[in-house]
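Peer 1: Residues per chain are reported as follows:
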Amino acid sequence: MPVKRFGRNYKICRYMDYKKISVLLEKYWEGESTLEEEAALRDFFSTSHPDLPEELLEAAPLFQYFQVEAEKVWEAPPVKVVKLSPWRHWMKYAAVMLVAVGIGYALKQHQQRQQQVLVAMQQEDMNDPQKAFDQTKKALQLLAKNLHKGTAGMQKLSYFNEATAVVEGKED
Amino acid sequence: MSLDRFLTQVVPVRQKLYRFAFRLLGNEEDAQDITQDALMKVWGMQEKMAELQNMEAWCMRITRNLALDKLKSRKYRMSDELDRAGEMPAVHQKSPHAVTEQNDVMEKVHVAINALPEKYRTILQLRDIDGHSYQEIADILDIDMNDVKVNLHRARKTVREKLQNLQVYGL
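Line order of the protein sequences matches chains D and Z.
Position 15 of the first sequence, counting from 1, maps to 945 under my numbering, and the rest follow consecutively.
Position 53 of the second sequence, counting from 1, maps to 71 under my numbering, and the rest follow consecutively.
Worth flagging that the hints you see were computed from the coordinates, not collected in a lab.
The beta-carbon is built from N, C-alpha and C at its ideal position, and this holds for glycine as well.
Misleading hints may appear alongside valid ones.
Unchecked claim - Okay, the calculated beta carbon distance ranges per label pair:
(1) MET1027(D) - LYS137(Z): 39 to 47 Å
(2) GLN185(Z) - GLU960(D): 36 to 44 Å
(3) LYS175(Z) - PRO983(D): 57 to 65 Å
Said to hold, decoys possible - The list that follows gives simulated cross-link-like pairs (lysine-lysine, BS3-like), each with its CA atoms no further than 27 Å apart:
(4) LYS66(Z) - LYS1013(D)
(5) LYS950(D) - LYS59(Z)
(6) LYS167(Z) - LYS950(D)
(7) LYS88(Z) - LYS137(Z)
(8) LYS1013(D) - LYS137(Z)
Given only the sequences and the hints, what does the whole structure look like? Please build it.
Peer 2: Next comes the structure, spelled out in structure tokens:
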């Protein structure tokens, strides 16, 4: 009797008694069969047998299907391992740097320009005699006004002095 | 987890993850996307790896959750079953007529299994096609082992009834 080797090192007679297969099948339908018994069933049904009794015939397509599915070769997509360098985002860092430098430069330029404008305006004032005169006049007027405030006070003070002198004279 | 560990323990499982995702989603492109996403997620959760007892089951669980999310979010439709009928390889060299008939029978079984609710279908596939133990299936689906047994029993019963109704018999 030829002997077939199973995947799980399980040897059984190829032409196993149908009776035994029926018993295994009954266990299978009841959910009580072991993995080895299920493998035996699958193996039994993977070859065609003449004159199968009906209870075995009904299970044949199912086990043939399991066999076909189990033998299918699946091509999973290949896995690529990509080494990530710390510089992989160098463009990002470069862009940030560039923007920072750009903003700094623009600010500096702006400040310089403002200063230049101020100096230029002052210089322009000095160059124009009328404007220079107006400016000076304005400044002097401010000074005079403040001085004037002082003289008004002094005036009162001199009246007071005179008055005291008169009073003192009379007393003398 | 070091890169070495990821390459030796997780990456080899991707074939299984892909197959699992493919069965759930029914198309190649999405299965590839989900497999990739699952690997990324596993890599992202590497600190959890140390506590794991069954890493393969954990990876499959992540894949399943991602695939189910995808199915839910897009109100996914399985690709036309008839399109895939031609993909069924012939098991034995038979006459063209017998091969066609064989494919037809296989297709009917395929439809019967795919018509099962997702949980039943996944358990049946993990057990009867992939040969996982009850404990492994329980780990993958994050359910009790008794639930696996009960659901497997129901799944097999349903398929059996369907095939009986369709009068699908072996050749």
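Peer 1: Hints first: check each against the structure and report whether it holds.
Peer 2: Now for the hints, and whether the structure bears them out:
no. : hint                               : verdict
1   : MET1027(D) - LYS137(Z): 39 to 47 Å : 56 Å, violated
2   : GLN185(Z) - GLU960(D): 36 to 44 Å  : 23 Å, violated
3   : LYS175(Z) - PRO983(D): 57 to 65 Å  : 20 Å, violated
4   : LYS66(Z) - LYS1013(D)              : 23 Å, holds
5   : LYS950(D) - LYS59(Z)               : 47 Å, violated
6   : LYS167(Z) - LYS950(D)              : 23 Å, holds
7   : LYS88(Z) - LYS137(Z)               : 16 Å, holds
8   : LYS1013(D) - LYS137(Z)             : 39 Å, violated
When held up to the earlier numbered hints, the structure conflicts with 1, 2, 3, 5, 8 and fits the remainder.
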